[in-house]
Amino acid sequence: MADTAMRPLLEVRDLTKTFVLNASVLNTLMRQPPVVVRALSGVSFAIARGETLGLIGESGCGKSTLGRTVLQLHRADSGTITYDGTDLSALPDEAIRPFRKRMQIIFQDPYASLNPRRSVAEIVGLPLRLHQGLGRAEAAERAAAFLPRVGLQSGHLARYPHQFSGGQRQRIGIARALILHPEFVVCDEPVSALDVSIQAQIIELLQQFRAELNLTYLFISHDLAVVGRLADRIAVMYLGEIVEIGPRNAILKAPAHPYTRALLSAAPRLHRRSGEARLRLTGDLPSPLAPPPGCRFHTRCPVAMARCRTEAPAVTRLAPGHDVACHLHEGGGS
Amino acid sequence: MTAAAGPLLLVEGLTTEFATRGGLVRAVDDVSLRVEAGECLGVVGESGSGKSMTFLSVMGLVRPPGRVSARRLMFDGTDVLALDEAGKRALRGRDIAITMQDALTALNPAFTVATQITEVLIAHNRAASMGEARIKAEEMMRLVGIPAAASRLDDYPHQFSGGMRQRIMIATALACRPRLLIADEPTTALDVTIQAQVLDLIADLRRELGMSVVLITHDLGVVAEHADRVMVMYAGQVVEDGPTATIIDRPAHPYTRGLIDCMPNLETLDRPVHPIPGQVPSPLDLPPHCRFFDRCERAGPQCRVPVALLPLSPDHGVRCIRAEGAAHG
Chain P
1 MADTAMRPLL EVRDLTKTFV LNASVLNTLM RQPPVVVRAL SGVSFAIARG ETLGLIGESG
61 CGKSTLGRTV LQLHRADSGT ITYDGTDLSA LPDEAIRPFR KRMQIIFQDP YASLNPRRSV
121 AEIVGLPLRL HQGLGRAEAA ERAAAFLPRV GLQSGHLARY PHQFSGGQRQ RIGIARALIL
181 HPEFVVCDEP VSALDVSIQA QIIELLQQFR AELNLTYLFI SHDLAVVGRL ADRIAVMYLG
241 EIVEIGPRNA ILKAPAHPYT RALLSAAPRL HRRSGEARLR LTGDLPSPLA PPPGCRFHTR
301 CPVAMARCRT EAPAVTRLAP GHDVACHLHE GGGS
Chain D
1001 MTAAAGPLLL VEGLTTEFAT RGGLVRAVDD VSLRVEAGEC LGVVGESGSG KSMTFLSVMG
1061 LVRPPGRVSA RRLMFDGTDV LALDEAGKRA LRGRDIAITM QDALTALNPA FTVATQITEV
1121 LIAHNRAASM GEARIKAEEM MRLVGIPAAA SRLDDYPHQF SGGMRQRIMI ATALACRPRL
1181 LIADEPTTAL DVTIQAQVLD LIADLRRELG MSVVLITHDL GVVAEHADRV MVMYAGQVVE
1241 DGPTATIIDR PAHPYTRGLI DCMPNLETLD RPVHPIPGQV PSPLDLPPHC RFFDRCERAG
1301 PQCRVPVALL PLSPDHGVRC IRAEGAAHG
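Here the protein sequences come in this chain order: P and D. When you line the first sequence up against my numbering, it's residues 1 to 334, in that order. When you line the second sequence up against my numbering, it's residues 1001 to 1329, in that order.
Simulated from the structure, these hints should not be mistaken for lab results. Treat the hints loosely; a few may be bogus.
To be verified - Distance condition first, Cα-Cα at most 16 Å in a straight line; then the derived EDC-like pairs of lysine to aspartate or glutamate:
1. D/Lys1136 with D/Glu1119
2. P/Lys101 with P/Asp84
3. P/Lys101 with P/Glu183
4. P/Lys253 with D/Asp1270
5. P/Lys253 with D/Glu1267
6. D/Lys1088 with D/Asp1076
Remember, predicted model here, so these are calculated numbers, not experimental data.
Using the sequences plus the hints, can you model the full thing?
Structural data, given as structure tokens:
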């Protein structure tokens, strides 16, 4: 799905990841087949250097798994993850290490992602000690110099995570991720645990760093308005598959997939144009343990047709860089 | 059922305090509000603003060392302050019901959903027998849109998805057909498409049952779509209240303005983000003057005084001395 003439910084092809759920001894003894969740099935996309790809979807759709698999925090079952020309999925763990300082992650929960027993100096300094072999004192010094860039003070160095508010903790998490000056950062719901006024502060900080360090982001969120703020392109995921991907304005102004349309329609607005009916979805997200046959969205789709129940839609190109997987758009649709 | 004129819920001068090791914390500071019959009041504010605590206090659910006091607390003409514990208990659950933000912790994992819904009905004498209560419970589950309700009565909370659990909590709250539903962040834990379903459900039920709703949320978009009136809280105080359209289109308090401007908005994606600087003051160290002073762009030396909530117009109040038209001295 890459259109850039230049080689993309990251290219993911046919990525599949499953998790085995109940591999207990009892199950093995009883010779029961293990229950397998397919978190990602055949995901492909590319991100150019300096670009931000927004990744949107509801809980359980596999968006966090995708972010972590790209960083090799999970190993993929199949498919390739080509980072700056190297296929990471084929490398042994030791060979991936040099890439780790170039790829970082900012987590969702600023309460759970910081070790409560480590001071800010240790948390922010650790990447320097691991990847640049700095000593404790030197790492702390560099951390102190970096803190003002995320809106904290060097005087905060000796404090512990519990002494900070949620927004300040997220700033610590950002400092930890960016102190090595990485090229590529996965932002996994970095603002969803924060109050609105603080969300805006963090979004602004991420925008600022993107410009200063020429960062490439994979920005994961369930909030379309937040993704729309930062992303150049947006990918929409549903039950482990990308159902639509395209330039931000195409996705937000002219969404093609019924699921993308439903997501946009469901987002609460300050000003809803009068007469604009809300597209109501019915039903819950199906269990990823037993995804529906055919198109996975057909159980909730307001415009599902007979073939959607049996036949999975192929990816159709609507415009350069705008792809959708939906029978409505295949060869003009029916 | 006295009723007639007057609001369904009337609160005047509600204050809730906690004695902590660090000193006295006033979580709710002199809050007054009213909810008319059939109306939806949106309550907006960030974490720690006192929005949930206000309504836990109204419900009489604040335990010692928390201390609640109020000048007046009237529900449908009844003076709640004069009621004994049994009288308050009769009101809670039957006439006023509350749904909590996190359905997984609010529902008891050890009992089936049938047990939890029928318990309310039996406790408030709304069902003569267990058999009748089960029939009513099934009816409520169908009303909130749970598929195959009859076969799911004897399931446990963990067997339902997040959206379904939220519906079960709403079903439990609505079992006695309350006249006031307090919905505390009913959709925060839910995905957007499910959030829209739950909010539409509350709106439908409000119309069908003629119920009043207090919708506590941090999301101004949710309020814009569902509330008739809005009350904005900051650091324990009401800073602005008025009709929803007025608050959204012509906010008078700089904090309300700031909340609207910093909200990610699909209509204005390329406008620069405009965050409110700084953070909410610690409840242990509140300034004696305007509580928004440190974060306010319009603050001046004249703001270094305690500020009262004063009317801009008969139905629009604001706690800011610089708001134009406010009768501040």
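Practice item. Output the numbers, in ascending order, of every earlier hint that fails for this structure. Key: none
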